[in-house]
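Fit chains B and C to the given chain A structure using the hints.
The lines below spell out each chain.
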Amino acid sequence: MDFNLILALSFLFIPISLFVYQLFFGHLLKHDTWYVSIVGIGFNLSVALTFFYRVFFNHPDDVFLHESFNWLTTGNFNLDLGIFIDNIAAIMLLVVSLVSFLVHLYSSEYMRGDSRFSRYYAFLGLFTFSMNGIVLADSITMIYIFWELVGLSSYLIIGFWFEKNSAASASKKAFLTNRVGDIGMFIGIMMIYFVGETHSFNLADIIEKVKTTEIDSTYLTIAGILIFMGAVGKSAQLPLHIWLPDAMAGPTPASAMIHAATMVAAGVYLTLRIFPILTFDALTYIAFTGACTALFASIIAITQNDIKKVLAYSTVSQLGYMVLAVGVGSYMAAFFHLVTHAMFKACLFLASGSVIHSMHHSLHELHDHDTDPQDMRNMGGLKNKMPITYLGMLITTLAIAGVPFFSGFVSKDAILAGTLAHYFDHGGFTIFFPIAGFGAATITAFYMFRLIFLTFHGKPKNEDIYKHLHESPKVMTVPLIVLSALSLGLFYTGSLNPLSDGSHGWFTKAVGNGHNYVIKLDSHHNESHADTHDIHHGEAHGYDNHHTPSSDYSFTEHVSHAAHAAHYTAMYLSLTVAGLGILLSFLFYQVNKLNPDSFARFFNMFKLYDLSKNKFYIDEIYSNILYKPFMFWSSIFSKIDWDYYDQTFIDSIGKITLFTSEKSTKVDYNWLDQKVVDGFGNLANYMSLKMKKLQGGVVQSYILGGLVAIILITLIVQQI
Amino acid sequence: MNSSILSLLIFIPVFGALSMLIVSVLSNKEIIPKQNKDIYKYIALITTGIQLLLAIILYMKFDPTLSVIESPFTVQLDWIPSFNIQYYIGVDGLSMPMIILAALLSFLCILISWNVEKHVLGYFSLFLLLDAGMMGVFMSLDFFLFYVFWEVMLLPMYFLIGMWGGPQRHYAAIKFFLYTLFGSVFMLLGMLALYFYAPGGNSFNLIHLITQAPQIDASLWGFDMRLLIWFALFIGFAIKVPVFPFHTWLPLAHVEAPTAISVILAGVLLKMGTYGFLRISYPLLPEEAASFSFMMALLGVINIIWGALNAIAQIDLKKMIAYSSVSHMGYVLLGMSGIVGGEAVGAEAGMNGAVMQMFNHGTITAMLFTLVGVLYDQAHHRWIVYPMDYKDPELAGKLGFGGLASKMPIFNGFIVLAFFAGLGLPALSGFISEAMCFIGGFGSFRVLTMIGTLGILFNAIYFLRAYQKVFQGPFNEKYSDLKDMSMRDLGIIIPLAFLTLLFGVYPQPLLEIVRHSMTKIILLVQPYI
Amino acid sequence: MDNLQIYLLLSSLLFSLGIYAVISRQNAVAILMGIELVLNSANINFIAFNRFTSTLNHLDGHIFAIFVIVLAAAEAAVALAIIINLFKNIGSVNVDDASELKG
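Chains as they are written, first to last, in numbering that gives the first Met the number 0: chain A, 0 to 719; chain B, 0 to 528; chain C, 0 to 102.
With the rest of the complex left out, here is chain A (with noise of 0.2 Å):
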């Protein structure tokens, strides 16, 4: 067997064996139980840096291992499961390993004491194994089957402090919300699988089935939106976002590995693999989701008073960013900002974390059970008091906001210029996703910022609290440290120029633009390859919707040359905005020379302030349309099903028919049985009266009347 399949399923081995073994024999080390599974998890850390390492040698299309077997077959229907591993999944391991790695670390002080430990170290076994899964997939329904997984592991870390009920109603949510967007996905699966000649789920044969034949481009398009459906509960993206601020009840290290840095990014990852079967109409459906979600997102964010919250929609609205990408047709970008987002989003959840670890020790020191540990209004000037956790924070809100020299400057910025790119190619109302884009830039600068002057800077609102804070263990801080060091942009760029787009980095080589065998670019647009600095403003250009079978597939070349060239108008503009919504923030949080309250009324004029405060009422909307008018018509179809149909109708045939017995009972008894039947004996009775006097009881009479019968017959005989 090859060594690298064993490795590759290694990763899957590993975490399930960790998981097993947690979840029955866990108990037994107590609290040193972490150390099984921080060793198991190395062990995949390190499997991935090997893998990672040969990212550096490799070509995008270059697959470093393809193997599959029939996991069930019917004769004719096949289901394969298999492994494929090409630069993005390795990346992502990587990713997914690393982040793992740090967040069973950092669990060891944050859960240190809770009577369920060895079960939380189960479910980020679990976790991990799920999410693996989901890398390493080569057919879209093993994505689909490890998809599940992690909406299960999701569920029970989630509920894992199942005794409150706001936990237990937020692992409910997330699930049912993932199982909407699985019907969507589980729909598209099948249309995917049954159109064309080769019945295949496996990824690369369904590529190969789109790129040669000619299939109807609407039914790809549908089929790809809704494929894309599973991406937009998995990763939260509208309308089916509500589940990630609930999520927050879980742990925050938990929360951090599954519902920032990785499981949600999982829809990105989907999406990113179908993208080469994604028709121009799909993409820009997509596109729209995503520049809504982000938008959308960090209005809200702006207003939140907890710590966790303001993350949870941060990261909603990033991964609106990724989804935005994704859509403009900027493969790279997309992927850029997914692996990034991971590190520096990671950081600040377990940034967070650190923050609510210490405020709930202060807290618990001064025997206060009341305030929320996680509520900012609560905090202010920690920078003091946790110096490593405020860096942590800072460097990698400097990332999320777009500063130049740091990772996520670079990826948003290609974001933002493939936005811009698509406008100038588009036009028309596809200004939209720039604007999007950029404002939502300027919104997550802002209220980044205000949560560190509201956490770390200023003076502390609350000095009993303030006094018992201090500085989390260094099990926790080292992977702050770690992470904030993979947020600084030359790990990936590999220059030292802060304000370079990458595009000459490892990074951008690793993954390339991606391939769409769907989108045909029109003529007009091939001659203008020759020239790759040139965009042609303003113009509109359409692109082919009824593809046909061609070897010219340089969609996606041309959306990577058209960002390339947007990009000094991106990074000035990104620049500016970023600039603007640091400086508001300063001046409203910092400085206090701008008024946060009189501006929020004045907002609130137009109901504004309400509205992002209230998450826009979403989840009240979708409980007054959706849930109580489906559990009102869920208890009246109940009630027709049994009240009324069976009680009723189906009993009532009961009812009828023994009223009928009872009816052809008395017909049956004084009618035919009294009447007619005993009527044939009354008459023999009567007959036989009368016969009876025919008897004298004289014999003699009875041998003259023979003799003369006699006569008679033989008289009677001889006439005839």
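Bear in mind the hints are in silico, worked out from the structure with no lab data behind them.
Result set (DSS-like, lysine-lysine): computed pairs, CA atoms no more than 27 Å apart in a straight line:
#: 1; chain 1: B; residue 1: LYS397; chain 2: A; residue 2: LYS638
#: 2; chain 1: B; residue 1: LYS390; chain 2: A; residue 2: LYS638
#: 3; chain 1: B; residue 1: LYS406; chain 2: A; residue 2: LYS163
#: 4; chain 1: A; residue 1: LYS29; chain 2: B; residue 2: LYS482
#: 5; chain 1: A; residue 1: LYS674; chain 2: A; residue 2: LYS689
#: 6; chain 1: B; residue 1: LYS397; chain 2: A; residue 2: LYS627
#: 7; chain 1: B; residue 1: LYS482; chain 2: A; residue 2: LYS163
#: 8; chain 1: A; residue 1: LYS689; chain 2: C; residue 2: LYS101
#: 9; chain 1: A; residue 1: LYS29; chain 2: B; residue 2: LYS406
#: 10; chain 1: A; residue 1: LYS163; chain 2: B; residue 2: LYS397
#: 11; chain 1: A; residue 1: LYS691; chain 2: C; residue 2: LYS101
#: 12; chain 1: C; residue 1: LYS101; chain 2: A; residue 2: LYS692
Below, chains B and C without anything else, positioned relative to chain A:
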């Protein structure tokens, strides 16, 4: 040996019941020492244990590629020669999983019923008779024999529900009995019509009828005879499945029956309806099967959606699981409708998915009912939320339980397994069969299947709601003396959980048994689509 | 009138007398005597027919007559036994007294 395994499987339970009666008579007459009531339980246990063992031996010797005619297990003897009725039993890929399921669940049900107190002899002997009837149905290849065994199942069920059931047991037993009997009458009509109208002589032989029945060319009151036969058989089987308008006996029967009877009812008896379709209706009347597929798919989707919607509104745990059974059988119907898919992959996926769903749902629902039974035995109620008109007004509208997961971790673990298996989580057996049924359905009826996929969501809703209300949230102090699962409970659940996990991760063994027979049925129907 | 007819006349006369005796006499023994008369008239019939209509080699009629005589004797014995029983039960041999089956 080979030729007697099947007969042994049917008659060993009968012998078991008889020996129980003998022991009881002997014990009453003091010929043998006076026996404790437990002796009957042990006799039943040993009987079903032997049966299970035989079933496993059968499985190991079974070659799925052989048809019943070639199979060494087939037994064909004349029974009532003057009417051409034979004792004709055999096993093929369709009946093999059902036989294993019936044997396994019978054995487990004896364990579940261990705490029966009153009329122990009656309970266990009736149960063994039921067991024999089930086995007979799955093995019969003569329609008359099939009908006899079908009816044999009814009477023990009536008594088992009516004597050992819940508060409304009499009503439930009568309703179940009459409703099913009503269907059986139609089945009888169909059977007789096949007997008289099939060319090539009067015969109840199902294998013979496969070639003869499609040639029936008569009409009655202007309707094509084959169509009438199809409808007659359909009604008979549809009531058992249960298909949408005929499903209302199910919640009642399940709620009022004792735990073990619910398990066997949901686990095995429901499958007889679809088994009847696949064994009798489809091979004998392929043209009607093909033209009726749309209705089958429609009814399947209605089952899925209606069953799930109703389950969501339930406040009694057992009733909720009963409606979930309705929903899951809808998947089977949808899969079966895939037979008319233009391409072989759809037909194969659908048909194989349907049979797999029959087996998997049997194990999963057995787990669900057993677990609810464990809870009910200790807490003596099954309310998720007390009804508004509950007799104790203080409790009306309040949560029935709450936070049980913290007190009963092992039970909680198995409940999570069972609930997630019920909602079709991958890596558990329910997912594979559901997915294949959908794929099969999609190959023939796209829009209907798309509506049916809503079942993925709806099934999750009620399971997770129930789980949250009963097991999560703050702990309800009223139940602080609830004990976790006993060894007996574990012994029942672990085999079922193992099978669920096994076929979720590696379904091919089950598929291997089934697929050759399904291919044959597909080939029979293919010419008519 | 030839010889046969004379004998037939004789036997029908005896037959009528016998029937008249059976119908009209009250005494059971007298009824028996009437029955004997009837039987003997049948005998005369048999012998007459045999003597005048068949050859001397076939003696069927004579044999029949002998049979009838034997059977008459047996039947008379049985009938007398019944009459004795009847007398024991109702104290009289008058048939008019045996009317319990009167309807």
